[in-house]
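Next come the chains, spelled out residue by residue.
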Amino acid sequence: MTDIVSQASGKVVSAAPPRRDIGIRRRYAAERRFRFYGLAAIAFGLVFLFILLWTVVSKGYTAFLQTEITLPITFSEQLIDPGNKRESDPKVLQTANYPLLVRDALAEKLGIASSDRPALRQVSGLFSDSARVTLRDMVVSDPSIIGKTVPVTVLASANIDSAFKGQFDLTVDEGSRKVSDQQLGWVNTLAEEGVLSKGFNTGLFVNGNSSRPEAAGLGVALVGSLYLMGIVLVLSLPIGVAASIYLEEFAPKNRLTDLIEVNINNLAAVPSIVYGLLGLAVFINFAGLPRSAPLVGGLVLTLMTLPTIIIATRAALRAVPPSIRSAALGLGASRMQTIFHHVLPLAMPGILTGTIIGLAHALGETAPLLLIGMVAFVANVPATPLDPSTALPVQIYMWANEAERAFVERTSGAIIVLLAFLIIMNLGAILLRRRFERRW
Amino acid sequence: MTEAATEEALEKKMNTVPLKMVGKDVSVYYGDKRALYDVNLNVRENTVTALIGPSGCGKSTFLRTLNRMNDTIDGCRVTGLITLDGGDIYDPAIDVVELRARVGMVFQKPNPFPKSIYENVSYGPRIHGLARTKAELDQVVEQSLQRAGLWNEVKDRLHESGTGLSGGQQQRLCIARAVAVSPEVILMDEPCSALDPIATAKVEELIHELRANFTIVIVTHSMQQAARVSQRTAMFHLGNLVEENDTDKMFTNPDDQRTQDYIMGRFG
Ligand SMILES: Nc1ncnc2c1ncn2[C@@H]1O[C@H](COP(=O)(O)OP(=O)(O)O)[C@@H](O)[C@H]1O
Ligand SMILES: [Mg+2]
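These protein sequences, in sequence, are chains A and B.
In terms of UniProt numbering, the first sequence is numbered consecutively and its last residue is 440.
In terms of UniProt numbering, the second sequence is numbered consecutively and its last residue is 268.
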């Protein structure tokens, strides 16, 4: 201000260096603000990730434990095969009333008279109906067991399991609860005696689906997902890599290849359910492949994964410095030799990373599988990729639709299993990248 | 009078050296763009021929026509005749792989494969089937590294990565790699431009020694280097070959005004 005034009056007051007003303070402030925004964004993301993991894990970790009842059971001939007809008619062993054996054994343990019908009915509610299958399988595989008393482990019923894990609100009026006070008393007694206990839930990993939550497992879904991954890997990796090598190294750059390029990029963005429709129309309706089969699912997921793999592979190929290609060509290597001896090995980490990420996407994909019928109720583990099956995310979807408390727990448990697989795959991708990373 | 006589004698001597490669009316187009205009240039056996000229005048382009590396560039077209020992190298019957085994190349930036030193040198002999046994291969590798003056520096770490060497060592490794295929001609495109003066001196010395066994064509932007390593020099300007002459004559008494100007540093 003073300067201007004095200049106006024709006098130069000071020979001070020109003032450069570039707003250093403002710049620093802007930088700080920007850093803060960044941190806030990351914190926001982390909070939600944490909430997600917390809800899933806190609800689901109990699914890995299952309440079991272990007690000696008398395989009474009178109940299983009263007419002693099993030699001539093996069917009697299939249809015998096995739950009765468990009920009687439990009643005896708890000291309940065989005339106390209401109490016996309550005892029947303690163990899972899957005990029928457990005992039947024992007897069918070894009929000589009839007449003996053998210790057997059967699953507790879903309600008892939930109650034993403390998931029921016991302050609620007994009438509107799924477990009676009497049953709770027995549970405590049995637990004290070591008859009833929580064990690792192997059934979750080996059993097929079941309408009884305590017996429902991910076995079918795991095998189905395994088939899917295998098919996707075997088909999409070679096809994707071959297509990428052709497009990147051999194809002339013209309108047609530009068009192909644009289409591949667009295909990567096509909603997955559209691939499901495509699979339904082409593989099932046109080619006549069976519904619900992992083969069809694998083909559909391959189509879905291919663009991802092609894009990743082309990027990896492009990242190999041209000087490596010149070096090999200059030595008299053919184009094929140049690619397979030098370019491809250098691009491999990128290709594998892309493939694993593509596979991880495919592993978590649900919508297209719903359309091709992999959402069926399947109790038996599929022996081949042509047998009906489900997949992990579909199983989660199905269980999430069930109302029972025990299914809520299993849904979260299944999510944990799926997340674990995804984390392992992503770790694998990171490790591969680290392991093979090269500088030039 | 005497001076003219010696000069004539020298020229005669040089002219008796057999021609290894001959370029006749060579023109190169990148798409619609013409990069070389009817270049006529001879490469003599066991001679170092330097290509000089300002940037973008087509030195590298011409060099690449000699082993058909231009084939790898999209839209690049070569016309005219180029022969190696009298045979047309652009003849459709010629196998480009075989040609490149006979005419090797060393690039501007050292570009060893990100593999071991041994693998770098043995790669060429292996794909061309030059060694039948491991022992033979070992011998080829050792001999090539010896010739590139690198053996003593790397003999204890043959199985370490070639990219871990210094820039100058990497470039000599690339020369060893080219030499291992036993080419007849070695093309070098500004092989020292990425190197420090000491490494440059080593490579120049190496070029001197290699001349006994190989025909060398080297592109350089350094007049001094051309003067130091070459016997023949060709000067390019805007895609034309301006002058091709004995190096001594070129640097003392060039025929063309443009050469004179360039050497005096008046353009480029
Ligand atoms: N791959 C290419 N595609 C298109 N034009 C090129 C290519 N390589 C070189 N040119 C052009 O050809 C001319 C000669 O280039 P170059 O031979 O590399 O020159 P120098 O090696 O003498 O510097 C330049 O004008 C350059 O732009
Ligand atoms: Mg150049």
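Derived by calculation from the structure, the hints in this document are not laboratory data.
Hints should not be assumed to be uniformly reliable.
Pair by pair, the computed Cβ-Cβ distance ranges are [unchecked claim]: (1) B:Asp91 to A:Ser323: 27 to 33 angstroms; (2) B:Asn152 to A:Tyr28: 53 to 59 angstroms; (3) B:Lys109 to A:Phe436: 19 to 25 angstroms; (4) A:Gly199 to B:Arg157: 53 to 59 angstroms.
Ideal Cβ positions, reconstructed from N, Cα and C, are used throughout, including at glycine.
- Just tell me: holds or violated, for the beta carbon distance of Gly199 of chain A and Arg157 of chain B against 53 to 59 angstroms? holds (58 angstroms)
- Task: State, for the Cβ atoms of Asn152 of chain B and Tyr28 of chain A, whether the hinted interval 53 to 59 angstroms holds or is violated.
- Result: At roughly 56 angstroms between Cβ atoms, Tyr28 of chain A and Asn152 of chain B fall inside 53 to 59 angstroms, so the hint holds.
- Query: Taking the CB of Asp91 of chain B and the CB of Ser323 of chain A, does the distance hold inside 27 to 33 angstroms?
  - Reply: This hint holds: roughly 29 angstroms between Cβ atoms.
- Verdict for Lys109 of chain B, Phe436 of chain A (Cβ pair) under range 19 to 25 angstroms: holds (23 angstroms)
This entry satisfies every hint, going by the numbered hints stated previously.
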